[in-house]
Amino acid sequence: MTAPPPALSLQGICKSFGKVQVLHDVDLTLPLGQTLGLVGENGAGKSTLLNILGGNLPINAGTIALGGLDYAPTGPADAERAGVAFIHQELNLFENLSIAENFFLTRFPHRGPRVWGVIDRHETRERTREFLQRVGLAHDPDTVVGELSSGEKQLVEIAKALSVSARVILFDEPTTSLTRHEAARLFDLIAELQAQGQAMIYISHDLDDVLKICDEIAVLRDGHLVRQGARDEWDADLLVQAMVGRKIESLFPSRDLTARSEVVLEVEGLTAPGRFEGVNLSVQAGEIVGMFGLVGAGRSEVLRGIFGLDETTTGRVRVGEGLVAHRTPRRMMERGVALLTEDRKRDGLFAISSVSRNFGIANLGAYARNRLGWISRERQDRAVTRLRDAVQLDSSVRENQMIRTLSGGNQQKVIIGRWLVRNPQLLLLDEPTRGIDVGAKQKIYQLIGEQAAAGSGVLVVSSEIEELIGLCDRIVAMRSGRVVAEYPTRPFDREEILRAAIQG
Amino acid sequence: MVRASLSRALLSDYFILGLAGVYLLGMAPAVPGLLSPLNLANLAEIALPLMVLAMGQTLVLMTGGIDLSTTSNVALCSVIGGMIMSGADEVLAGSALAMPVGVLAMLATGALVGLINGLSVARGGIPAFMVTLIGMLLLSGLAVRLTRSLPISDLPDAFVAISGTAGVALAVVLPVLVVGHLVLSRTVAGAWLQSVGQNAAAARVVGIPVERTVMLAYVACGVCSALAAILLTARLESASPVLGQRMLLDIVAASIIGGTSLFGGRGTIRGAAFGAILVCVVTNSLDLVGLTFAVVMLSKGAVILAAAALDAFRSRLLAKAEGSA
Amino acid sequence: MTLRSFLSTAVLSAGALFMFSGCSPKSDQPTVGVCFETLQTEYWAESFDALRTELESHGFAVIEAISDGDANRQLSQIKNFLVRGVDGIIVAPKDRQSIVPAIKAANDAGVPIVCYNRPPAEGDHQTVTVVADNFALARDTVAYLVEQARQKGGKYRAAILIGDLGDENAVNRREGFNAALAGTEDFIEVVARIPTEWNQEKARAGLVNALQTHPDINFIFTSSDFLLPSISSALQAQNKWHPHGHADHVLLGGLDGDATAYQLILEGYMDATGVQDLYFEAEQSVQALLKLQREEPVEARILDPGFVIHRDNHEEMAGRTWGARVFARNQAQ
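Chains as they are written, first to last, in the numbering used here: chain A, 7 to 510; chain B, 952 to 1276; chain C, 4 to 336.
Treat the hints with care, as some may be off.
A few chain B positions that, by computed beta-carbon distances, are all more than 10 angstroms from chain A [claimed, not checked]:
(1) Pro980
(2) Ala992
(3) Ala1062
(4) Leu1066
(5) Ile1085
(6) Met1087
(7) Ser1091
(8) Asp1105
(9) Pro1107
(10) Val1127
(11) Val1139
(12) Ala1142
(13) Val1156
(14) Ile1159
(15) Met1248
Sample of chain A residues lacking proximity to chain B, with all beta carbon distances greater than 10 angstroms (derived) [as the list claims (entries may be wrong)]:
(16) Asp243
(17) Pro279
(18) Thr319
(19) Ala357
(20) Ile367
Output of the computed footprint for chain B on chain C, the stretches with three or more beta carbons under 8 angstroms from beta carbons of chain B [what the hints assert, rightly or not]:
(21) 69-75
(22) 95-105
(23) 157-165
By construction, these hints were calculated from the structure, which means they are not laboratory data.
If you're wondering where the values come from, they're calculated on a predicted model, not measured in any experiment.
In this text, a Cβ means the ideal position worked out from N, Cα and C, and glycines have one as well.
Kindly produce the complete structure, drawing on both the sequences and the hints.
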């Protein structure tokens, strides 16, 4: 008796966009009932591979077999029909429709002829309820999707995948927009699916998660398969080494911790009703202070309040020597403060502008030749060239390119660069490494370290405790709008900080 | 190589100008007199005001807004100028000051209307569509009320000469367009305007004065309306409370054809000016052929639709050209 | 850059070449451009046909342009006529002021231009205007009504519907009305002067109000027959719509001579109307154009005396009444 064919088998997959080849001869096997983790830096080809499997892209060479049979989908609908379900990173639901409607949009149970028949609402609702139960959601199928949290929406997507009896489920960075709690629920569901023998491919930047849930892990680098091996054959270091192609000594920069005495930022009793209350903080020159907390603890709000983006009712903020009254971003910038916001898509990037423009936009005055505001192209170009070296922007990036075409890591580097060019004495960073691959993360940590070494004070907000532990001199914990604990010296106790953030 | 320069030619602002030129040449055999000096002068008379109006509208469109009141503003400025400069007016009749005071009053009116629009949108937070739609009705009503719906004539010769004398209008409009283009594309203020239009939240984070920038765009649009009013009133030799009332669609079409995005953040003055030229060239050629009004409107709509589709195609080409794999 | 400059050079040089071939050519047949504001009312439609017939009989080809009430457009249309090399222009000005630059443009191009039915504003321009003698016509029409009133005896309360005062014709008609009523104060009292701005709704509303304030109005003059539907509607609402012979017949006079007026005169509801001799005006316009072309002397203003059509003479005058011809055409359909 021959062994059953693998759920998916890819052989010699090649893919090019025009002249650029992004996948070189990739072989991958997803055994039946197993979960395969796929990791790699941005640009390594993971998303491309997933898009090929999901029917969004054709291949240039190679073969794919789904359950032993030839698989060459003509489009996403075709892929779905073949039994491949794609859970996108960007959720693909219609926000204004109900869960049931989203489920059955293309295949409503009906009475009568297909197009003109009446939708059987009862049946629709019952079947939706069934699948919602399978993923552990108790919502009414008529709930409008827009009212659900990110995590719940994701579970709905998974339920939808299950409802079409997917042979393979593809997960693309599923935890990016989930809280820890929601991520935990997702992992429980994945464990259940694994128990039921569901074959899955799981892409994530979070190596710990991948090591936890996947049976096998494959590493891609520059469009080549480095190695596919069983989970036991890997650990975090080995994974990073395979992804990056060299040994990374340490993710975090080494720090000279001789403290400087000048206080760069002093916050007293800062309050914004409904968001945070009575916040006291200080940052010294050359110091990196971390702010940890759960989503909703008020950390981003505090940064925005300090920077003058949002209103505060009471409290004082001192930058350097002086008190800053009536804070506005312009005023704070003049005092040498910079703010990197949490969501670069929402309020960081000028998406259709060039890399050059995005680099220079916070500092245009420096390139203005005269009082009329005429921008000197040479001055700006010179500054941009210096900046791209400083932030180690990928050499393949052209300066007149639209910034939205860059990878997340490169985008973040540009936005950090836009602030660094002003030599700020205080850097406020909100989730500086969100959605960025390991290689770029390391570079950003390096940049932060360099800034601190040069004398800037840094205040970093992050939801990744490991990041703060590796990077910071001091950590502050927030919960429900208040600063609840401070940890002024290394080494940090991970559990203690977590507890402070969660329970108090 | 050819492909690269072809796509660059396609994407450049000059593409629209080239299109207008090709269209003129193509239609010339079918339309006698199309390229005659007389007709080209007529074309300039219509195109220059439209170019100025398209410039103003582009600035506002780039902030993600729109100015529907611009044509009513033209009418109001015309009427106010007429009331001051007309021989029938007691105060300044016949005096050498009549014209300069009248012109200044028109510019001031345009700027004031723009300021009110800008304040309502930027500080008041009212959607631009609403503010300027109401403005359109109010200003038009005001203009009609001021004149009891009769046009005002007997304007100073010096004023009328702005449109009548060859080259004067051009000498006024061309520098305005050039300055506008340069400000938008090469100065800090222009960079701010583009940024505000693309992502106002991000603009605020980097310290750009968002409200002030939006307001200035509307004021500039108001001044452009006044300038166009000067040209159109001089051409008609009378101030009319319904001046320019049918131009709004042409203005927006000119901007869009010129590459301005209705969502904000993208557009050039050069493109808008060339778009205006294309719209005028098409209208003029169809009028000369002697088609009835209805057919002209249909044909013009079809041509503008084609140009807009071409612009959409250009955008996709732009996205592909700039994107990396 | 290369392609762009190539393109622009090509455009410019080709343009220069075409410049010479594109100069205003004259077609073999002489053409006249006729520019009206609208063809929506019978008067204008009939006028246009009359002009076309007259022009074609003299061997001209006619180019038509309708400006839909837009003075700016009218100016552009006339300028386009000049580009197309017409030999003459006949225009019904939208408004007396804004037609001036159009006339000037025609003068500059040496193309004769005639204003039909509406005079332009004073100014430094050359044109011939053919216009009805609205004052005299209104006066004579109202005089007929006065005569009817005198014969019938009794006291009369009069109302006049006034046209758009920006229109010189409307002003003259009002003056004619006043002139005819001079000296009749002993038995005719004017109780309502209704401004209509040449608008049906305003006319109706105004007359309804007047009838409510003065229910005994029995003498009405309208500055234009196109308002007759509003008048009949308002009178019917007050139960005052009766033909001649009925004790409560309201004396009704108008001006223009359209099909409605003609029919109402036939039926007896209307007593008289001043007819603009449309055929005369059209013929005179073309004659003036020909004289201007031949550089013969011609008066700047040609008056159409018109005539009054009423119960007693409508059979003989029907032939010259444009409204009667339209009426007959409508009956035939």
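Verification of the supplied hints:
{"no.": "1", "hint": "Pro980", "in the structure": "holds, 41 angstroms"}
{"no.": "2", "hint": "Ala992", "in the structure": "holds, 35 angstroms"}
{"no.": "3", "hint": "Ala1062", "in the structure": "holds, 20 angstroms"}
{"no.": "4", "hint": "Leu1066", "in the structure": "holds, 21 angstroms"}
{"no.": "5", "hint": "Ile1085", "in the structure": "holds, 29 angstroms"}
{"no.": "6", "hint": "Met1087", "in the structure": "holds, 30 angstroms"}
{"no.": "7", "hint": "Ser1091", "in the structure": "holds, 36 angstroms"}
{"no.": "8", "hint": "Asp1105", "in the structure": "holds, 41 angstroms"}
{"no.": "9", "hint": "Pro1107", "in the structure": "holds, 34 angstroms"}
{"no.": "10", "hint": "Val1127", "in the structure": "holds, 16 angstroms"}
{"no.": "11", "hint": "Val1139", "in the structure": "violated, 4 angstroms"}
{"no.": "12", "hint": "Ala1142", "in the structure": "violated, 6 angstroms"}
{"no.": "13", "hint": "Val1156", "in the structure": "violated, 5 angstroms"}
{"no.": "14", "hint": "Ile1159", "in the structure": "violated, 8 angstroms"}
{"no.": "15", "hint": "Met1248", "in the structure": "holds, 34 angstroms"}
{"no.": "16", "hint": "Asp243", "in the structure": "holds, 30 angstroms"}
{"no.": "17", "hint": "Pro279", "in the structure": "holds, 22 angstroms"}
{"no.": "18", "hint": "Thr319", "in the structure": "holds, 20 angstroms"}
{"no.": "19", "hint": "Ala357", "in the structure": "violated, 7 angstroms"}
{"no.": "20", "hint": "Ile367", "in the structure": "violated, 5 angstroms"}
{"no.": "21", "hint": "69-75", "in the structure": "holds (count 5)"}
{"no.": "22", "hint": "95-105", "in the structure": "holds (count 5)"}
{"no.": "23", "hint": "157-165", "in the structure": "violated (count 0)"}
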